Amino acid sequence: MSQSAAHTEHFDATASKIGMWLFIFTELLLFGGLFIVYSVIRFNNQIAFHLAAQELNVVMGATNTVLLLISSMTIAMAVSAIQFGNKKFTLILISTTILIGLIFLVNKYFEWSIKIEHGLYPGSSVLQGFGNGDTLFFGLYFFMTGLHALHIIAGVSILGWVLVRVARDKIHAGHFVHLENGALYWHLVDVIWIFLFPLFYLIT
Amino acid sequence: MSNPEKAHIVPYHTYGIILVTLLVFTGLSILVTSFELGPLAVSAALLFASMKTTLVFLYFMHLKFDKKLYSIMVLVVLLLFLIVIVITFLDYSFR
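So the sequences go chain by chain: G and S. The numbering of the first sequence is our numbering, which starts it at 3 and goes up by one. The numbering of the second sequence is our numbering, which starts it at 26 and goes up by one.
Be careful, since some hints might not be right.
What the hints assert, rightly or not - Quick list of simulated restraints, FRET-style, between CB atoms: (1) S:Ile34 <-> G:Ser127: 26 to 32 angstroms; (2) G:Ser18 <-> S:Tyr37: 22 to 28 angstroms; (3) G:Gly121 <-> S:Ile97: 21 to 27 angstroms.
Claimed, not checked - So the derived list for chain S, only partly shown, Cβ under 8 angstroms to chain G, looks like this: (4) Leu53; (5) Leu71; (6) Ala74; (7) Lys77; (8) Thr78; (9) Lys93; (10) Ile110; (11) Val111.
No lab work stands behind these hints: they were computed from the structure. Just so we're clear, the structure is a prediction, and the values are computed from it rather than from any experiment. Built from N, CA and C at the ideal position, the CB exists for glycine as well.
Just need the whole structure built from these sequences, with the hints factored in.
Printed below as a string of structure tokens:
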């Protein structure tokens, strides 16, 4: 019984996608919870947050926003390309998305390095001198952008796996739900950044 | 047997238009928050972020073209999140 079942090629794309969406919901609520924490702490430390947010580089944040938006488009296009049966273009689009994800991380590395050089990191003596509000702002900044960066690393890894499977024809025009789910995850990472950017960089 | 994954294929230019719109919204949110508007700037920035998210959900994540089930699921979760925000807000406003 179980042997014959193992040999039958049965795949439910809808179930697979529902599973991915359910996972995305847990991620949305995870970051949603953090946004609520941010709002409450900001409400209680308005002046400190106003001053601390001015330390962040809007140009750097905006660059990363633009990068993620472009990468979201390229991976969305990859889902269309695979359906058109254009394998080469699909591979180019997934590779571009991965490359942009890596550039995002390099930017993030430089951004964090500058902050740490200036002594703006959780537990630093500089921040302790500023007081609680600034400590909370930078604590949240490093935790939330750090957790987001981990999601970028996860997304790049997933898309790398998808890339290999497209190259080996495991993912093709008749069976591409893994590419779709990988793309959904990448868009989620984009959506989280869409909120992180104004909350930390724009609102001062 | 018909292809179970056969769905609406979104043309490339649709994604191009969405990207341009997203970039314009990003530019506008930077512009709006560059003025000293106080609480109004916060609302404006969050409004632009919500509009961008809506576009990403509908087009990039295919909710507009996929089965309605996914959209209903997303709306339920957003409603749940909204309820939590409202309860937290009420809690902090009336302490």
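Each hint, compared with the structure:
no.: 1; hint: S:Ile34 <-> G:Ser127: 26 to 32 angstroms; verdict: violated (57 angstroms)
no.: 2; hint: G:Ser18 <-> S:Tyr37: 22 to 28 angstroms; verdict: holds (25 angstroms)
no.: 3; hint: G:Gly121 <-> S:Ile97: 21 to 27 angstroms; verdict: violated (49 angstroms)
no.: 4; hint: Leu53; verdict: violated (11 angstroms)
no.: 5; hint: Leu71; verdict: holds (7 angstroms)
no.: 6; hint: Ala74; verdict: holds (5 angstroms)
no.: 7; hint: Lys77; verdict: holds (5 angstroms)
no.: 8; hint: Thr78; verdict: holds (5 angstroms)
no.: 9; hint: Lys93; verdict: violated (12 angstroms)
no.: 10; hint: Ile110; verdict: holds (6 angstroms)
no.: 11; hint: Val111; verdict: violated (11 angstroms)
Of the numbered hints listed earlier, those contradicted by the structure are 1, 3, 4, 9, 11.
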